[in-house]
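Make a model of the complete structure from these sequences and hints.
Number of protein chains: 2
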Amino acid sequence: MKPDIILLGHGSGGKLSHQLLDDIIIPALSGVAPEQQNDAAVLPAVDGELAFTTDSYVVDPIFFPGGNIGDLAVNGTVNDLAMAGAVPVAISVGLILEEGLAITELRKVLESMRQAADAAGAKIVTGDTKVVPRGKGDKIFINTAGIGRIPKGRNLSGNAAKPGDKVLINGAIGDHGMAVLASREGLELSSDIETDSAALNDLVETLFAACGSHIHVLRDPTRGGVATTLREIAGQSRVDITLDETALPIHESVRGACAILGLDPLFVANEGKLLAIVAADRAETALQAMRRHPAGGEAAIIGEVSAASSGRVLMRTTIGGLRAIEMLAGEQLPRIC
Amino acid sequence: MKPDIILLGHGSGGKLSHQLLDDIIIPALSGVAPEQQNDAAVLPAVDGELAFTTDSYVVDPIFFPGGNIGDLAVNGTVNDLAMAGAVPVAISVGLILEEGLAITELRKVLESMRQAADAAGAKIVTGDTKVVPRGKGDKIFINTAGIGRIPKGRNLSGNAAKPGDKVLINGAIGDHGMAVLASREGLELSSDIETDSAALNDLVETLFAACGSHIHVLRDPTRGGVATTLREIAGQSRVDITLDETALPIHESVRGACAILGLDPLFVANEGKLLAIVAADRAETALQAMRRHPAGGEAAIIGEVSAASSGRVLMRTTIGGLRAIEMLAGEQLPRIC
Numbered sequence: 001m002k003p004d005i006i007l008l009g010h011g012s013g014g015k016l017s018h019q020l021l022d023d024i025i026i027p028a029l030s031g032v033a034p035e036q037q038n039d040a041a042v043l044p045a046v047d048g049e050l051a052f053t054t055d056s057y058v059v060d061p062i063f064f065p066g067g068n069i070g071d072l073a074v075n076g077t078v079n080d081l082a083m084a085g086a087v088p089v090a091i092s093v094g095l096i097l098e099e100g101l102a103i104t105e106l107r108k109v110l111e112s113m114r115q116a117a118d119a120a121g122a123k124i125v126t127g128d129t130k131v132v133p134r135g136k137g138d139k140i141f142i143n144t145a146g147i148g149r150i151p152k153g154r155n156l157s158g159n160a161a162k163p164g165d166k167v168l169i170n171g172a173i174g175d176h177g178m179a180v181l182a183s184r185e186g187l188e189l190s191s192d193i194e195t196d197s198a199a200l201n202d203l204v205e206t207l208f209a210a211c212g213s214h215i216h217v218l219r220d221p222t223r224g225g226v227a228t229t230l231r232e233i234a235g236q237s238r239v240d241i242t243l244d245e246t247a248l249p250i251h252e253s254v255r256g257a258c259a260i261l262g263l264d265p266l267f268v269a270n271e272g273k274l275l276a277i278v279a280a281d282r283a284e285t286a287l288q289a290m291r292r293h294p295a296g297g298e299a300a301i302i303g304e305v306s307a308a309s310s311g312r313v314l315m316r317t318t319i320g321g322l323r324a325i326e327m328l329a330g331e332q333l334p335r336i337c
Numbered sequence: 001m002k003p004d005i006i007l008l009g010h011g012s013g014g015k016l017s018h019q020l021l022d023d024i025i026i027p028a029l030s031g032v033a034p035e036q037q038n039d040a041a042v043l044p045a046v047d048g049e050l051a052f053t054t055d056s057y058v059v060d061p062i063f064f065p066g067g068n069i070g071d072l073a074v075n076g077t078v079n080d081l082a083m084a085g086a087v088p089v090a091i092s093v094g095l096i097l098e099e100g101l102a103i104t105e106l107r108k109v110l111e112s113m114r115q116a117a118d119a120a121g122a123k124i125v126t127g128d129t130k131v132v133p134r135g136k137g138d139k140i141f142i143n144t145a146g147i148g149r150i151p152k153g154r155n156l157s158g159n160a161a162k163p164g165d166k167v168l169i170n171g172a173i174g175d176h177g178m179a180v181l182a183s184r185e186g187l188e189l190s191s192d193i194e195t196d197s198a199a200l201n202d203l204v205e206t207l208f209a210a211c212g213s214h215i216h217v218l219r220d221p222t223r224g225g226v227a228t229t230l231r232e233i234a235g236q237s238r239v240d241i242t243l244d245e246t247a248l249p250i251h252e253s254v255r256g257a258c259a260i261l262g263l264d265p266l267f268v269a270n271e272g273k274l275l276a277i278v279a280a281d282r283a284e285t286a287l288q289a290m291r292r293h294p295a296g297g298e299a300a301i302i303g304e305v306s307a308a309s310s311g312r313v314l315m316r317t318t319i320g321g322l323r324a325i326e327m328l329a330g331e332q333l334p335r336i337c
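If you're matching them up, the sequences are chains A and B in order.
Quick note: the first sequence, position 108, residue 108 per UniProt numbering, numbers continuous.
Quick note: the second sequence, position 170, residue 170 per UniProt numbering, numbers continuous.
Everything labelled a hint here was simulated from the structure, so no lab data went into it.
There's no promise every hint is true.
Chain copies aren't distinguished; within one or between two, either way the pair holds.
Straight-line C-alpha distance at most 30 Å; calculated BS3-like pairs for lysine-lysine [what the hints assert, rightly or not]: (1) Lys108 with Lys2; (2) Lys123 with Lys15; (3) Lys15 with Lys108; (4) Lys123 with Lys166; (5) Lys162 with Lys2; (6) Lys166 with Lys108; (7) Lys136 with Lys166; (8) Lys2 with Lys136; (9) Lys108 with Lys136; (10) Lys15 with Lys162; (11) Lys108 with Lys123; (12) Lys152 with Lys166; (13) Lys152 with Lys123; (14) Lys15 with Lys136.
Only a predicted model underlies this, so the values are computations on that prediction, with no experimental measurement involved.
This is the structure in structure tokens:
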């Protein structure tokens, strides 16, 4: 009888490892036949510049409303590629499993990875599985690395924001962080907060079709939220960015939950959002393009690059004042991704 | 004062995260200036097919005679690329740190990564850092993924071994596994067992220069050792492989330690060894090329592809008998890489 939980032996490289790979992991993720399996995947030549990125996922819990660690890991890496203007080509998957993980849970996570990869048009081509003893890990950690192809003429970077540019976001903020937090703490905050985890590469293609090189910066506000991401961009580009508080899309359920817990949604992680910094005269075009896309129905222009400077983020508040947004020192919500 | 251990806040995406990145991780690994840091690294176009691979490292302890988890992680990924005949282009680094890890230990590991990458001519171009609470990880886990360029005409695969081919190895087996085991268990087995962790890409170039397309399979016998790796190749190529026990290079210290512990060195992990399956009439050329290379001084022809079959590995013993080598079911030495 085959074991129904992960054993240390599943990580040994022996028969149990091969069984796990051949019976569960490879059929779920990539379908590569055993005789084709090598230490590295071979990919056809890619025309043009490459984007390369990696992220590890340690989210707790591994299942949460609207998603799990598996689709999160795939979408996150697809999005990091997309933020470089890249079309995803291939994804690698590194699993670190804790002894005792239920095989049924592993299977669910892997199936979500495959579905997310299929939805984004990305292929999972290579992987690795390690097992650590009970108490030396936490169910499952996933690393995904990704290779993307950057079509000619795309030249995005965090240092390319220019005074006058507008700041857009494709929808409401804070959903992912609050969904994970509520799920972890067993809070009955609101039954309708779900992760926004989604691949953004198709939205990025739509934006490029509409605005081309007038898109100066794309970045996804994950850990640290919109505030931290804009601080990074402001610092890299040596500009001030001024946000308009009234323009920020926030779901009522998230606003309420944040108020109860004393959290600022500007710092809460998103996993299906992008910030686009776009030349002012194309901002409206970009906004309409986003709104017509399924991933951008609640898109908004939320601010502008207001001056050359040393990199501040300011907020024009609902009552007309101006306050500075600082990065948090440490931890607001740990293990959110 | 900056903390001297890893805190949960180092993983939050806020100020502490940025400090850790800017002060320690990025200077040690890649030196990319803050204003150039984006979600994905951009690489110049690569001519030809790509190799893509990933591996996570969870070795315990993280420091052991002759190396640590850092150089192991870089060499392992460089070698997986090399086994596809690829020249390393770029490496990504995903760190999962346990709260409480000493910053000095982290720094040592990162410096070893950079040195290993420099030695292999590989660039670390992108990374990610996560922090998990005490007791949810084990000091440090590292994922490395790698992209390589496959020069035209190289076409290696585990399914390409042919009856008559010779099996070569570039040196003695079992050093890595026994070095880690001795270090973990505090065994005073022998003071001179050190890991063989090393990059093999330059040796692979030497082999290609000497034998070109007469090299049919390259694979590094890591987890599961030479026995398991040859079983995989035999299975993929549908051949029998027969080893000559007297020809297997094993250091006396490793042989002694294995005897005491009841381990078979054929199943013990290596991290600086490759198995090359080469056309018979080029085997001697390949052997001489290996022996002239610093990473191949103890190279040997250890067996041959003896027949078309369903994939057995046989051993011609020192007393002239023939025994079958099976894969181990489960764990011989856990967390060896």
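These are the hints, each one checked on the structure:
1. In this assembly of identical chains, the alpha carbons of Lys108 and Lys2 lie at most 30 Å apart only when taken from the same copy (18 Å versus 41 Å across copies).
2. With identical chains, the CA atoms of Lys123 and Lys15 are at most 30 Å apart within one copy only, with a shortest distance of 27 Å there and 35 Å across copies.
3. Proximity of Lys15 and Lys108 under a CA criterion of 30 Å is satisfied intra-copy only: 23 Å inside one chain copy versus 35 Å between copies.
4. In this assembly of identical chains, the alpha carbons of Lys123 and Lys166 never lie at most 30 Å apart, being 34 Å within a copy and 35 Å across copies at closest.
5. Taking the closest pair of Cα atoms, Lys162 and Lys2 never come within 30 Å of each other, the shortest separation being 60 Å inside a single copy and 34 Å across copies.
6. In the homo-oligomer, the alpha carbons of Lys166 and Lys108 never lie at most 30 Å apart, since the shortest distance is 41 Å inside one protomer and 43 Å across protomers.
7. Taking the shortest Cα distances, Lys136 and Lys166 never come within 30 Å of each other, neither inside one copy (46 Å) nor across copies (42 Å).
8. Within a single copy, Lys2 and Lys136 get their C-alpha atoms as close as 24 Å, and across copies as close as 27 Å, so both meet the 30 Å cut-off.
9. In the homo-oligomer, the alpha carbons of Lys108 and Lys136 lie at most 30 Å apart both inside one protomer (22 Å) and across protomers (22 Å), since each shortest distance falls under that limit.
10. Proximity of Lys15 and Lys162 under a CA criterion of 30 Å is satisfied inter-copy only: 24 Å between copies versus 57 Å inside one chain copy.
11. Proximity of Lys108 and Lys123 under a CA criterion of 30 Å is satisfied intra-copy only: 18 Å inside one chain copy versus 35 Å between copies.
12. Taking identical chains as interchangeable, the C-alpha atoms of Lys152 and Lys166 lie at most 30 Å apart only when both belong to the same chain, with a minimum of 24 Å there against 47 Å between chains.
13. In this assembly of identical chains, the alpha carbons of Lys152 and Lys123 lie at most 30 Å apart whether taken from the same copy (22 Å) or from different copies (24 Å).
14. Proximity of Lys15 to Lys136 under the C-alpha cut-off of 30 Å is found in both arrangements, the shortest distances being 23 Å within a copy and 27 Å between copies.
The earlier numbered hints that this structure contradicts are 4, 5, 6, 7.
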